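Same order as they appear, the protein sequences are chains A and B.
Remember, the working numbering sits 43 above the position in the first sequence when you count from 1.
Remember, the working numbering sits 77 above the position in the second sequence when you count from 1.
Source of the hints: derived by calculation from the structure; they are not laboratory data.
Note that this is a predicted model, so its numbers are computed, not measured.
Beta carbons: idealized from backbone N, C-alpha and C, even for Gly.
There's no promise every hint is true.
[Stated by the list, open to error] Across the chosen pairs, the derived CB separations fall in these ranges:
| hint | chain 1 | residue 1 | chain 2 | residue 2 | range |
| --- | --- | --- | --- | --- | --- |
| 1 | A | LEU107 | B | ASP105 | 55 to 65 Å |
| 2 | B | ASP99 | A | GLU136 | 40 to 50 Å |
| 3 | A | GLU166 | B | LEU146 | 56 to 66 Å |
| 4 | B | GLU84 | A | GLY149 | 48 to 58 Å |
| 5 | B | THR132 | A | ARG118 | 31 to 41 Å |
| 6 | A | SER109 | B | GLY116 | 45 to 55 Å |
| 7 | B | SER117 | A | ALA165 | 47 to 57 Å |
| 8 | A | PRO271 | B | GLU106 | 45 to 55 Å |
| 9 | A | ALA165 | B | ASP99 | 48 to 58 Å |
| 10 | A | GLU146 | B | ALA95 | 28 to 38 Å |
| 11 | A | GLU146 | B | ASP99 | 48 to 58 Å |
| 12 | B | ASP129 | A | ALA165 | 22 to 32 Å |
| 13 | B | PRO137 | A | TYR130 | 44 to 54 Å |
[Unchecked claim] Okay, the calculated bits of chain B under chain A, using three or more residues with CB under 8 Å as the criterion:
| hint | segment |
| --- | --- |
| 14 | 90-100 |
| 15 | 109-122 |
[What the hints assert, rightly or not] One side only, chain A facing chain B, incomplete, derived with CB under 7 Å:
| hint | residue |
| --- | --- |
| 16 | GLU166 |
| 17 | VAL170 |
| 18 | ALA174 |
| 19 | ALA178 |
| 20 | ALA185 |
| 21 | LEU191 |
| 22 | ASN194 |
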Amino acid sequence: MAEALRRVLNEGRAAGPGGDGAAGPPLLLLGAPRSAQTSLLFAAALEAAGEGRGPVLFLTRRPLQSLPLNTPAARNPWRLQKVRFQYPSSVPELLQLLASAHEAPGPAPSLLLLDGLEEYLAEDSEVQDVAYLAALLLDTAAHFSHRLGANGSCGLVVALETQKGADGDVPHLTTLRRYFPAQCWLQPDALGLGQHHCLRASLESGKLSPRMEWSVTFLPNGEMKVIPWPTQASKPGPEKKCSSAESQSLTLECDNLSGSVSIG
Amino acid sequence: MALALPEVVEELLSEMAAAVRDGARIPDEHLSSLKFVFGSSAIQALDLVDRDSVTLISSPSGRRVYQVLGSSGKTYTCLASCHYCSCPAFAFSVLRKSDSLLAFRETWVTVQTWSSSKTTPHTTKMAQKWRQETPRYKSLKDNFISV
Numbered sequence: 044m045a046e047a048l049r050r051v052l053n054e055g056r057a058a059g060p061g062g063d064g065a066a067g068p069p070l071l072l073l074g075a076p077r078s079a080q081t082s083l084l085f086a087a088a089l090e091a092a093g094e095g096r097g098p099v100l101f102l103t104r105r106p107l108q109s110l111p112l113n114t115p116a117a118r119n120p121w122r123l124q125k126v127r128f129q130y131p132s133s134v135p136e137l138l139q140l141l142a143s144a145h146e147a148p149g150p151a152p153s154l155l156l157l158d159g160l161e162e163y164l165a166e167d168s169e170v171q172d173v174a175y176l177a178a179l180l181l182d183t184a185a186h187f188s189h190r191l192g193a194n195g196s197c198g199l200v201v202a203l204e205t206q207k208g209a210d211g212d213v214p215h216l217t218t219l220r221r222y223f224p225a226q227c228w229l230q231p232d233a234l235g236l237g238q239h240h241c242l243r244a245s246l247e248s249g250k251l252s253p254r255m256e257w258s259v260t261f262l263p264n265g266e267m268k269v270i271p272w273p274t275q276a277s278k279p280g281p282e283k284k285c286s287s288a289e290s291q292s293l294t295l296e297c298d299n300l301s302g303s304v305s306i307g
Numbered sequence: 078m079a080l081a082l083p084e085v086v087e088e089l090l091s092e093m094a095a096a097v098r099d100g101a102r103i104p105d106e107h108l109s110s111l112k113f114v115f116g117s118s119a120i121q122a123l124d125l126v127d128r129d130s131v132t133l134i135s136s137p138s139g140r141r142v143y144q145v146l147g148s149s150g151k152t153y154t155c156l157a158s159c160h161y162c163s164c165p166a167f168a169f170s171v172l173r174k175s176d177s178l179l180a181f182r183e184t185w186v187t188v189q190t191w192s193s194s195k196t197t198p199h200t201t202k203m204a205q206k207w208r209q210e211t212p213r214y215k216s217l218k219d220n221f222i223s224v
């Protein structure tokens, strides 16, 4: 996966072999509506921007009206400047952007993010069109990796809001899995306490890698707590003390979860 | 970043590329292995090699893409970094049916990526070998080779 997102979920520690600038396999971030995909993508963007290996290219269909997160990193102008937002409004525009990415001036990005893939897939439902879009994303990231050279490789994370079809399957998921060997599922945690909005993040990096899971809890004050998913059958407790080395708090405006976003 | 072929295939293609770079003929065993791994796509791919139907397009930035001329005269695009071809066979056989590991144009791109040049008419060579050894030659002849 993009190691930046893994580090966001893994409390700031460089996890596994990603510490040398290797981006890992392309990652598909999956979840139902309101599962904080945009927030996690933005957190990954800030994480990668802080590495100094290159800018981050954040693609989304609709311009962001405000920043998805309100954290020290999000308020850091130096990091924000390294996140380049582009808003291709249609599939042809997105394909054009990706196909001509090698002509864009400036340094190669170290992370390529695409939010809201489902909105683009709604335009083109043919399996070959879906494959072409996925393949072009990979090819673009591969080109950026080539340009980065010794500075590491370019990660790729694509967020897809999942809506199951009449047959119970997520449309185009089989095709997308062909190109994205790593998937991170965001699922509501039924054991969430009270007013807390809890998600279970399950990362599968490939057949040979063990599944990694985290509990992502959004507190009423807008804070986001990320802790490893407990192995016992116990609820993750927001009152549980976490050291700074074990948990990373991201201040999040909870209005983001209800559709409106504001900056604190 | 590219989807990785099984290690055995990568090793096979590396050996083939080494033979080509040394100016030697590709051993028959390698060609047979190629057919074993990729199935019928292999001979169609090597036919593309013999007919010089593949063009590598490179931009000054280093980004590359393969353009393949089909028998109908239509050109198709294969990406170098991952498994994709714009031809209908890829959509049908690979994406929809998952019958083939790779469609034949992709197989060619895989071969070309690992080879710097071609030496002998691979298709004829393979056909001769299979005529001698393969009980299924008749089906091969009917479907892929006009001999």
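Hints, one by one, checked against the model:
no.: 1; hint: A:LEU107 - B:ASP105: 55 to 65 Å; in the structure: holds (59 Å)
no.: 2; hint: B:ASP99 - A:GLU136: 40 to 50 Å; in the structure: holds (48 Å)
no.: 3; hint: A:GLU166 - B:LEU146: 56 to 66 Å; in the structure: violated (30 Å)
no.: 4; hint: B:GLU84 - A:GLY149: 48 to 58 Å; in the structure: violated (37 Å)
no.: 5; hint: B:THR132 - A:ARG118: 31 to 41 Å; in the structure: violated (50 Å)
no.: 6; hint: A:SER109 - B:GLY116: 45 to 55 Å; in the structure: holds (54 Å)
no.: 7; hint: B:SER117 - A:ALA165: 47 to 57 Å; in the structure: violated (36 Å)
no.: 8; hint: A:PRO271 - B:GLU106: 45 to 55 Å; in the structure: holds (50 Å)
no.: 9; hint: A:ALA165 - B:ASP99: 48 to 58 Å; in the structure: holds (52 Å)
no.: 10; hint: A:GLU146 - B:ALA95: 28 to 38 Å; in the structure: holds (35 Å)
no.: 11; hint: A:GLU146 - B:ASP99: 48 to 58 Å; in the structure: violated (38 Å)
no.: 12; hint: B:ASP129 - A:ALA165: 22 to 32 Å; in the structure: violated (41 Å)
no.: 13; hint: B:PRO137 - A:TYR130: 44 to 54 Å; in the structure: violated (28 Å)
no.: 14; hint: 90-100; in the structure: violated (count 0)
no.: 15; hint: 109-122; in the structure: violated (count 0)
no.: 16; hint: GLU166; in the structure: violated (18 Å)
no.: 17; hint: VAL170; in the structure: holds (5 Å)
no.: 18; hint: ALA174; in the structure: holds (6 Å)
no.: 19; hint: ALA178; in the structure: holds (4 Å)
no.: 20; hint: ALA185; in the structure: holds (4 Å)
no.: 21; hint: LEU191; in the structure: violated (11 Å)
no.: 22; hint: ASN194; in the structure: violated (15 Å)
Against the hints set out earlier in the document, violations occur for numbers 3, 4, 5, 7, 11, 12, 13, 14, 15, 16, 21, 22.
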